[in-house]
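*Asks:* These protein sequence lines are chains A and B, in that order. Residue 52 is where the first sequence starts when you use this note's numbering, and the numbers rise one by one after that. Residue 77 is where the second sequence starts when you use this note's numbering, and the numbers rise one by one after that.
Don't take each hint at face value.
Said to hold, decoys possible - Examples of chain B residues toward chain A, derived with CB under 7 Å:
| hint | residue |
| --- | --- |
| 1 | 251 |
| 2 | 253 |
| 3 | 254 |
| 4 | 339 |
| 5 | 363 |
| 6 | 366 |
| 7 | 368 |
| 8 | 369 |
Since the hints were derived computationally from the structure, they do not count as laboratory data. Ideal placement from N, C-alpha and C gives every residue a C-beta, glycine not left out.
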Amino acid sequence: MKLHRKTGLRATALGALVVSGALVLTACGSDDNASPAGEKKTASASNVKCDDAKGQLLAAGSTAQKNAMDLWVKNFQAACAGVEVNYQAIGSGGGITKFNQGQVAFAGSDSALKEEEVAESQKICKGGKGINLPMVGGPVAIGYKLDGVDDLVLDAPTLAKIFDSKITKWNDPAIAKLNPGAKLPDTAIQAFHRSDESGTTQNLGKYLSEAAPADWKHDPKTKSWPAPGGQAANGSSGVAAAVKDTNGAIGYFELSYATASNISTVKLNTGAAQPVEATTENASKAIAAAKIKGTGNDLALSLDYKTKAEGAYPIILVTYEIACDKGNKAETLPTLKAFLNYTVSEEGQKVLSDAGYAPLPAEIATKVREIVPTLS
Amino acid sequence: MATATTHTPPPPGRNDTARAKASAPSQAGDRIFSGLSRGSGITLLVIMAAIAVFLTYRAILAIADNEGNFLTTSEWNPAGDPPVFGIAVLAFGTIVSSIIAMAIAVPVAIGIALFISHYAPRRLAAPLAYVVDLLAAVPSIIYGLWGAIFLVPYLDGLNKWLDQYMGWTYIFDKSGEGVARNMFTVGILLAIMILPIITNVTREVFLQVPRMHEEAALALGATRWETIRMSVLPFGRSGIISASMLGLGRALGETMAVAVVLSPSFIISGRLLDPGGGTFAQNIAAKFNEANEYGRDALIASGLVLFFITLLVNGAARWIIGRRKEYSGANA
Numbered sequence: 052m053k054l055h056r057k058t059g060l061r062a063t064a065l066g067a068l069v070v071s072g073a074l075v076l077t078a079c080g081s082d083d084n085a086s087p088a089g090e091k092k093t094a095s096a097s098n099v100k101c102d103d104a105k106g107q108l109l110a111a112g113s114t115a116q117k118n119a120m121d122l123w124v125k126n127f128q129a130a131c132a133g134v135e136v137n138y139q140a141i142g143s144g145g146g147i148t149k150f151n152q153g154q155v156a157f158a159g160s161d162s163a164l165k166e167e168e169v170a171e172s173q174k175i176c177k178g179g180k181g182i183n184l185p186m187v188g189g190p191v192a193i194g195y196k197l198d199g200v201d202d203l204v205l206d207a208p209t210l211a212k213i214f215d216s217k218i219t220k221w222n223d224p225a226i227a228k229l230n231p232g233a234k235l236p237d238t239a240i241q242a243f244h245r246s247d248e249s250g251t252t253q254n255l256g257k258y259l260s261e262a263a264p265a266d267w268k269h270d271p272k273t274k275s276w277p278a279p280g281g282q283a284a285n286g287s288s289g290v291a292a293a294v295k296d297t298n299g300a301i302g303y304f305e306l307s308y309a310t311a312s313n314i315s316t317v318k319l320n321t322g323a324a325q326p327v328e329a330t331t332e333n334a335s336k337a338i339a340a341a342k343i344k345g346t347g348n349d350l351a352l353s354l355d356y357k358t359k360a361e362g363a364y365p366i367i368l369v370t371y372e373i374a375c376d377k378g379n380k381a382e383t384l385p386t387l388k389a390f391l392n393y394t395v396s397e398e399g400q401k402v403l404s405d406a407g408y409a410p411l412p413a414e415i416a417t418k419v420r421e422i423v424p425t426l427s
Numbered sequence: 077m078a079t080a081t082t083h084t085p086p087p088p089g090r091n092d093t094a095r096a097k098a099s100a101p102s103q104a105g106d107r108i109f110s111g112l113s114r115g116s117g118i119t120l121l122v123i124m125a126a127i128a129v130f131l132t133y134r135a136i137l138a139i140a141d142n143e144g145n146f147l148t149t150s151e152w153n154p155a156g157d158p159p160v161f162g163i164a165v166l167a168f169g170t171i172v173s174s175i176i177a178m179a180i181a182v183p184v185a186i187g188i189a190l191f192i193s194h195y196a197p198r199r200l201a202a203p204l205a206y207v208v209d210l211l212a213a214v215p216s217i218i219y220g221l222w223g224a225i226f227l228v229p230y231l232d233g234l235n236k237w238l239d240q241y242m243g244w245t246y247i248f249d250k251s252g253e254g255v256a257r258n259m260f261t262v263g264i265l266l267a268i269m270i271l272p273i274i275t276n277v278t279r280e281v282f283l284q285v286p287r288m289h290e291e292a293a294l295a296l297g298a299t300r301w302e303t304i305r306m307s308v309l310p311f312g313r314s315g316i317i318s319a320s321m322l323g324l325g326r327a328l329g330e331t332m333a334v335a336v337v338l339s340p341s342f343i344i345s346g347r348l349l350d351p352g353g354g355t356f357a358q359n360i361a362a363k364f365n366e367a368n369e370y371g372r373d374a375l376i377a378s379g380l381v382l383f384f385i386t387l388l389v390n391g392a393a394r395w396i397i398g399r400r401k402e403y404s405g406a407n408a
């Protein structure tokens, strides 16, 4: 092989590497679908209390609250000079692992700490333990694509049967009964679920097994999809893309994915007078029905999936921030408190709904606001 | 990884004299080079051993608590109580998808390589070779996105056609509804991904065929195809095998593209067109983020199995190449 030919090849390969590398980098940067952070948020940033916040605050965990975190971090850093908050969205499991290894000041998680995880946290929290502080809520929307049908109502038993491959046609009598007047086609239902493990899957499973125990007999605690049938796609974005592309498809994802891709969402017949739409407001109403099951300063919630309250959308996901009640690292404690003070404050909660999340209902938010200053 | 070299080391006789010269104290450069290369070789072995030790250590912890049979269970629930996980589905899926990929990619790659090296006009051959090389520079997640967004909808029609006319073969029988997020699609995608590496190495080997061999064949009155069959293919055989093994290595370990395209489920089914199945790397990518520490150990245990499968495949390839030394470049 001649030399100049080889160098030409190298140059081309290098060019390709640069181009594709740039593509990858931009791909990484552009998954922030909460970017249109308006001017009013920067204005509200002036209300942030920085106290003694300084230096770097490391955190990791749930991807479900990533967009909320991005907004909070941006506002907080804009208000408090010299502070850097670094939240790695690596998944709840990973976040808890890092927290219990003492690598991060707090973890974000879609589910409260398990007993053995609390026991493990006592090693890191000298004289204390890890506690769950509810911080962000959000509706899990059931998106569908069915040509000719744009106002679909379902209830928990029908949803369970659809996702369990018991109902396989869109013109099934059970669906027709809930949608009088709709022209349901004789199309096969293609139910999509997540192929990766996810707190979103877990929350839908919990909802189905509580609201329709007779029709959903799978393990409600698992984060991977428990039912045998159906099809899968990777991540909420993958499920949303698959639903958008396939006629007769139905799937679940956080509400922001449905709004971003213009996917119709199912209204739920919860037993209330009117079917409930998946909106941030309706999710907040459902979170208000939750009971606190944690003891002491722990605010782990037990969600009421069977709520019949008017306008309460019951398929919800609540993410917690997990920190030590006592024994937080001295050097990050002031920053941790200042940051959590901001996220649970009225301004902090207000920005959430723009990013597709549900603000905490007043009662729970008040409790969190009481606990954050007591962290030590 | 199988090496892509087309020349086996020179026979021992020549080697000895070369070494005797190299050991002369005056030639410092030679000694430094020999030390460097020996050091690199040892470093490589140490790294491999470290990986094996790490995987084994973490895997033992998880496997010890596993309630299922690690090799034959088709379920994955290491966070369950009791923990149950097995690699049967993953091993099956990994091997099946790689076989499909190889069945498609190897003949096509040989065809492209022959076209570039022997048939294409010079002006076309060079750009074509560049284009094939460029395919190797595309990151696998891009292949995955392309596969999920473009390939899957387009393969729907092919799937329906295969189901209708080839359904009697069982493997092309499509039992239910569902878009083409299946092992067959994964195999096609993997085939495209491993094509450049196989083509590239094979083309290089074909270009190494001694001119005399081809001219001799032509002089005997052989047509161009006969020349290729009599001199190029036999000469290149071990090279083709090495190239295929390099490609197979990539197909076995491909992660993101498979994770994005496949609709996984823990079922072993020979029906390639139904959504389902899974591969080692895909399963690790899908479960790693949300797994607890125990689940991660279980995933590492499955990674260890992939490590062994890859070792076995490459060992087998070396053995095949070793048996066919008479065709390799050293004797040309």
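*Asks:* Now tell me, hint by hint, if it's right for this structure.
*Replies:* Hints, one by one, checked against the model:
{"no.": "1", "hint": "251", "verdict": "violated (11 Å)"}
{"no.": "2", "hint": "253", "verdict": "holds (4 Å)"}
{"no.": "3", "hint": "254", "verdict": "holds (5 Å)"}
{"no.": "4", "hint": "339", "verdict": "holds (4 Å)"}
{"no.": "5", "hint": "363", "verdict": "holds (5 Å)"}
{"no.": "6", "hint": "366", "verdict": "holds (4 Å)"}
{"no.": "7", "hint": "368", "verdict": "holds (5 Å)"}
{"no.": "8", "hint": "369", "verdict": "holds (6 Å)"}
Of the numbered hints listed earlier, the single one contradicted by the structure is hint 1.
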